[in-house]
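Chemist: Chains H and Y supply the protein sequences, listed in that same order. With my numbering, the residue at position 177 of the first sequence is 203, and numbering never jumps. With my numbering, the residue at position 17 of the second sequence is 11, and numbering never jumps.
By construction, these hints were calculated from the structure, which means they are not laboratory data. Since no wrong hints were added, every one of them can be taken at face value.
DSSO-like cross-link-like pairs, simulated, lysine-lysine; straight-line CA separation at most 27 Å: (1) H/Lys216 to Y/Lys111; (2) H/Lys444 to H/Lys429; (3) H/Lys216 to Y/Lys110; (4) H/Lys439 to H/Lys132; (5) H/Lys573 to H/Lys472.
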Amino acid sequence: MSIDMAQFHQVFFEESFEGLDIMENGLLDMDPGTVDDEQINTIFRAAHSIKGGSGTFGFNDISSFTHVMETLLDEMRDGRRPVTPDAVDALLRSVDVLRDMLGATKDGGEVDEQMAQAQQVELEQILKSASAEASVVSAPQVEGGQSAATASASKQQGWHIVFRPLPQMMRTGNDSLRILRELAELGELKVDCDLSALPPLAGFEPEDSYLSWDLHLIGDASRETLDDIFAWIEDECELAVMPIYAAEPQERVTVEEAAKAASEEPDSTQDVSGPSEVVQVTDRRTGQDRRSSKDRRTGDRRKVQGGGGGGSIRVDISKIDSLINMVGELVITQSMLSLLGEDFSLDKLERLNEGLSQLERHTRELQESVMQVRMLPISFTFSRFPRLVHDLSSKMGKKIDLKMTGENTEVDKTVIEKIGDPLVHLVRNSLDHGIEMPEERLVAGKPETGTINLNAFHKGGNIVIEIRDDGKGLNREKIESKAIDKGLIDVDHNLSDRQIYELIFQAGFSTADVVSDVSGRGVGMDVVRRNINELGGSIEIESEPGKGSAIIIRLPLTLAILDGQTVTVADETYIVPLVSIIESIQVKEQQIKRVAGRGETFKLRDEYLPILRLHELFGIENPNATRLDEGLLVVVEGDGRHCGLFVDDLLGQQQVVIKSLEANYQRVEGISGATILGDGSVSLILDIPGLLRLADRQDGDGLKQSA
Amino acid sequence: MTSILAVDDSASMRQMVSFTLKGAGYEVIEAADGVEALNIAKNKSVNLVITDVNMPNMDGISLIKELRGLSSYKFTPLLMLTTESGVDKKQAGKAAGATGWVVKPFNPDQLLATIKKVLG
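Bound conformation, chain H alone (with noise of 0.2 Å):
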């Protein structure tokens, strides 16, 4: 029977990646010194699970790399080799490098070999090393009577076995007829049964065996055959496998003798495990009952597949189950209501109503159960974090400490991939610019160890996620200074601390005195903001001298569903999103001023700002205002930029579907998608920032048209 693996393949590299992230996490969670048993055996578990898929499905490189990795685990577990930090760090690097195998594997290209081999050396050092009460040793080849048999093979003829079931050996599922007709395979089989055991029948009892055989098999099967057989048994069973010679008259042994000649010579039964086997000198836990709890697992049961491409994901089961009960009943309204639909008449009006309603209602939950779908927990962005701050607070010679809160909340896949990078640049920062050195720190006052929070929660119908370390803060001269050189604020410039601090997000600003290769190459916080900005979030600084600093992040719950805002000019109806709203007033002829060639601007609350003619901007013929106080100023934010946006009128809130205009059309600069409205038109969802570029390209021609 042939079976092509491959199929199996994709399944064995997802669940062994899963596994090296269990590993990791394990690992950082691991405190040197202490052993928390269940810790130690969810991180062995992992490394045995990989090593015995990798095996099967022959990707032996793998598999022996992962085996000295959980020999090691395995000694750990047994508290016969201390939990020390260096065999800590050894195993995060395998768990790196095994990483790199695997996904070398996966891809098909060439696995670093080198590099293995060297991290095995290293592992197997730690193994060999004087800490370790005992090491494994390959136990010697046992020959006994092996060595004797393959001696005189030559006039070997066959085997005579005594073998003699131990009466519970039935209790474990072994039935001495199998082993009987395995034998009968190899040759032949001459059988002698000896009832002698057989009790008076009142005292029989059925669940005993009481037969013993007396065997002689003629022919050429190998003691390693034979050993095959008896494996299972050897411990259920006296057994007595002696070679017989054609010479030699064959020598009749009754059951007793070999019994007894079995029982004289232990090895020569207990070595039947086979010749090839690995054997631990140590003193043996075995049969521990090793629970976990389930949480730890479920949690990572569900996974972001790899992270790129079309990608697949992997749903709770209830998940699944809430969707398929709410189709089931939105399949029952629908034939309720086409029913009703069939003859219809006015007294059935309320009858319409109520199946309406329990249409919308299902239709509602539908919708929710399929964004929950689309929902993951957070820690699969989060998990990466303890490593790179154990890492690189070790690299910098800092202490940290990271402490993640908030892990299960749920956020859209699509920001999950995207929300990564921007975090780690984050967290990077915290790390280079925020923590100071230790002697620093104590000279501040503050505890050593610094301490890095990262925590996400849901606030007011938006994810948010914090950033927060007790470091020096942002500075506010450096970046001051920084700015004015950078011609970004005029030397005289009044402008608030938070205001200050926003200018990290300027492109090409970074006040890092030295580029280390952590941070500090000035692409960063342009970008980050950026990113953000794509998942249709904002970003906000916090910052308090000596105390520390913290950055904000707000996305939207999904990125497929958005809050807008519909408004109106001339006959058009778009949507602009809610988050991007500050306000909407009416603006007064004198709060207006015009500035020659820099556009319209009014005040607001002591501040100036620039006004977009939504019309002008998109070239829409006859809207109802063209008079600024005859319609409204929607003040709308984005790129940390504020500006006034000039519509008709304001409709109402709603959530809209987001449409792809690149995937169904092409991209539109100042529109980021569309939606179909309840009337079935179709609305244009208006891309902030993106708007805000235009008009700046187009500000010379939007002023000769209005002039």
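Given chain H's structure and the hints, the job is docking chain Y onto it.
Modeler: Same frame as chain H, but now just chain Y:
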């Protein structure tokens, strides 16, 4: 139809075992850990159980012990999937009442041969 309960927390191994056995005409029920397997086994009597050893919630050896304690599984072949280095595991399994083991890594043919032997 001869039914086999295949227990492994690794989906790929489970699929491989299941696919192989189904291809040979057995009915295969899958379980991801000992707890799940025990529940299935209590509600439906199967002809053979093949289980991984290292699993969350309930490992293979505990599962075998539990199963062997059930009257309907007194004589049912219970096999464990174990690695070549698992000498102590094999013994622990035997002590718990395992019929025997299949050594990992194995290929589908080896698995089938073993299962056929045990089921006769």
